[in-house]
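I would like the entire structure built from these sequences, with the hints used as guidance.
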Amino acid sequence: MVQKIEIAVIGVGVDGNEKLDSLNDNSYSTFRRTLNALRRRLTRKKNRSQPPDKSLDKFSVTNQTSVNQQQSTTGGNPSDGVYSRLSFDPSLSSYYRWLAIVSLAVLYNIIFVVGRAIFWEINKKATFLWYFLDYLCDFIYFLDTIVHCHEGYLEQGLLVRDAKKLRQHYFSTSHWRLDLISMFPTDLAYVWWGPNQCSFDRVPCAVIVRINRLLRLPRMWEWFERTETATGYPNAFRICKVVLAILVLIHWNACLYFAISYAQGFGSDNWVYNLNGTQNASLTRQYIYSFYWSTLTLTTIGETPTPENETEYLFVVADFLAGVLIFATIVGNIGSMISNMNVARVEFQNRMDGVKQYMAFRKVGGELEARVIRWFAYTWAQSGALDEERVLAALPDKLKAEIAIRVHMDTLKQVRIFQDCEPGLLEALVLKLRLQVFSPGDYICRKGDVGKEMYIVKRGRLSVVADDGTTVLATLGAGSVFGEVSVLEIAGNRTGTRRTANVRSIGYSDLFCLAKRDLWETLADYPEARASLTERGCQLLRKDGLLDETVFASAAQQQDSLELGVSKLEVTVENLNVRLARLLGEYASSQAKLKQRISKLEKCFNQQQDDESDEDIEEWKKRRYSLQLKGSKGYQRRKGAKVSTQSKLDSENDDDEHNDQQNDLLSRQNTM
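Under this note's numbering, residues 1 to 672 are what the sequence shown spells out, in order.
Hints are computed from structural coordinates only; laboratory data are not their basis.
Worth double-checking, as some hints may not be accurate.
Unchecked claim - In silico EDC-like pairs for lysine to aspartate or glutamate, Cα to Cα no more than 20 Å straight-line:
(1) K452 <-> D420
(2) K622 <-> E612
(3) K413 <-> D510
(4) K516 <-> E528
(5) K432 <-> D518
(6) K516 <-> D449
(7) K621 <-> D610
(8) K400 <-> E427
(9) K398 <-> E228
To be verified - Taking CB as the label site, the calculated pair distances span:
(10) L431 <-> I326: 46 to 52 Å
(11) S480 <-> Q539: 15 to 21 Å
(12) I301 <-> I506: 54 to 60 Å
(13) N575 <-> L435: 48 to 54 Å
(14) P423 <-> Q357: 43 to 49 Å
Note that CB positions come from ideal geometry on N, CA and C, so glycine has one too.
Given below as structure tokens:
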């Protein structure tokens, strides 16, 4: 079908080119439209064989590109093209910084919209500054609406960047209503109600019309959540967030107290604010006293003036209830946050107390007990007693590997036998490293011990001592490695797998340990690296004169012969596999042929059975017909005999009747 359409298009093009000179402008444009329509039909039919994935199409910029091309062909506005490509990744740091700016604008409105609406003196000072800040926040709100409207979201694990899809998703949520209401230009009320017209006898001020700006509060909570996740001190940030919430509530309650004082009349009783006097008339005194009264009431501490009418009583009761319910909850949360900040310390202290109780119960002794306590103190001071495996257990293996590589890769590269190894081997080995902490005087290994692990010094100093324990032969510092040759099990090593020296910790030392079993499990997947490590280990032994060349050569020869035998065995097994595959193929083909022959025999047998059954049926029909024929002839004979007998009987009956009639006539004549 596609080929036919292509031929049709080519044909139309040829005919059209021949007649272009004779066509006028109108017919030429008609021809072009027809040709474009045919091309579009051809494109749709070609794409019909491979339908696009609509769910994935929204994640690419192909859709936007086609829209932009269409706009360019139709003379669209360039700004519309930019708007159609607009999208924001919420995971970027720039988006987080933008949320911080929006949060500052929201916090400004939370504090000053209510404050300026009640405390009228604020509006009379720096009027231009307040106008500038108000409309700067409005401009930030407007930009944030555009950003929020084009904020990317995840679908099927991919970030949607199609501007049209982003807008549809935005309007499908409830955020757009809050954003729209928060930007509603309520400041138009300033035309007949200016913010500078209020005074002590006209509260609240006109700034109260901007109360709708507080509806952008969810954006500030979003920034709080992101900061709490990103910061390294989440508990401290939570406490700061709760303290900010408390201050805002006290601020709003202070403004409400001052507004009720205005409604009741300043100085009308002892409960309301007294505006008389120079000090009381100042803005600072008004706000500080209102804030002080609000703090005492909501926290239910201290004494405040007693209310004197119903409105004042109701307000105080509402404040007490809010203080009991809200502030009790907030204070309880702060207590739990402070406890969570010390949860690691408490857990560590419980572990140390358990060990001390065990040592006291078993009567370990004062000196050893003091060493254990010092070890606990050092562990807490260095790492906070963190269990790395438990802390990283929630992460996937890939992320754990990346963290381990960042932390331990430089340490592993210091080992001589691991230098110039392929990165895959080092990444696999770095996950096998285990941190061990040794106290002063602890022996890491003793001479003659079986070497089952190698050590890398991360922090601290170690001394290599003689058998007497006092003579220091060498000192090892950070970055030193020992025991790496013993874990390789090189044949010809005069020391075997035994330790050749005593290594003791001078102070507290942090060492990375790599077990022999973990090393060989990793090398099983890297045979080339295993041979390279063995060669490097031999070079180190030759350098120190600890390699028996005869034994090594014999072992190498045995290894070569063993590898040769294994390779021959592998070839033999491969040949056997080939032969087995060939035999299986022949068996399958012969089995197929046998099945075909059996099926043919079954068909022949069934055909023969059918023929025999047909012959039997014909013979049976013939016999039946002959029997029927014979039966019909006997019946005819029997019927003829029966008819003759019946005729004889009828004639006899007629004779008898005739005789009877004659006898009757004779008898009548005699009587006469």
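- [ ] Please work out if K622 and E612 have their alpha carbons no farther apart than 20 Å.
- [x] Since the Cα atoms of K622 and E612 sit roughly 15 Å apart, the hinted pair holds (cutoff 20 Å).
TODO: Mind checking the alpha carbons of K621 and D610 for me, to see if they're no more than 20 Å apart?
DONE: Cα-Cα ~16 Å, so holds.
Open item on the list: Between the beta carbons of I301 and I506, is the distance compatible with 54 to 60 Å?
Closed with: holds, 57 Å
Open item on the list: Given the hint of 43 to 49 Å, is the C-beta distance from P423 to Q357 inside that range or not?
Closed with: holds, 48 Å
Open item on the list: Just to be careful, I want the Cα atoms of K432 and D518 compared with a cutoff of 20 Å; is the pair within it?
Closed with: With a Cα-Cα distance of about 6 Å, the restraint between K432 and D518 holds, given a limit of 20 Å.
Open item on the list: Hinted pair, alpha-carbon criterion (20 Å max): K452, D420. Please report holds or violated.
Closed with: violated, 24 Å
- [ ] Indicate whether the distance between the beta carbons of L431 and I326 respects the range 46 to 52 Å.
- [x] Taking Cβ atoms as reference, L431 and I326 lie about 49 Å apart, which means the hint holds.
Open item on the list: Holds or violated: K398 and E228, Cα atoms, limit 20 Å.
Closed with: violated, 25 Å
TODO: Take a quick look at whether K516 and E528 sit within 20 Å of each other, Cα to Cα.
DONE: Within the cut-off at roughly 18 Å; holds.
Open item on the list: Would the hint linking K413 and D510 be met if the CA-CA limit is 20 Å?
Closed with: holds, 17 Å
Task: Proposed proximity, D449 with K516 (alpha carbon, max 20 Å) - done: Answer holds: K516 to D449 is near 14 Å, not above 20 Å.
Open item on the list: Tell me if the beta carbons of S480 and Q539 are separated by a distance inside 15 to 21 Å.
Closed with: With Cβ atoms ~19 Å apart, the hint holds.
In summary, the structure is inconsistent with hints 1, 9 from the numbered list given earlier, while agreeing with the others.
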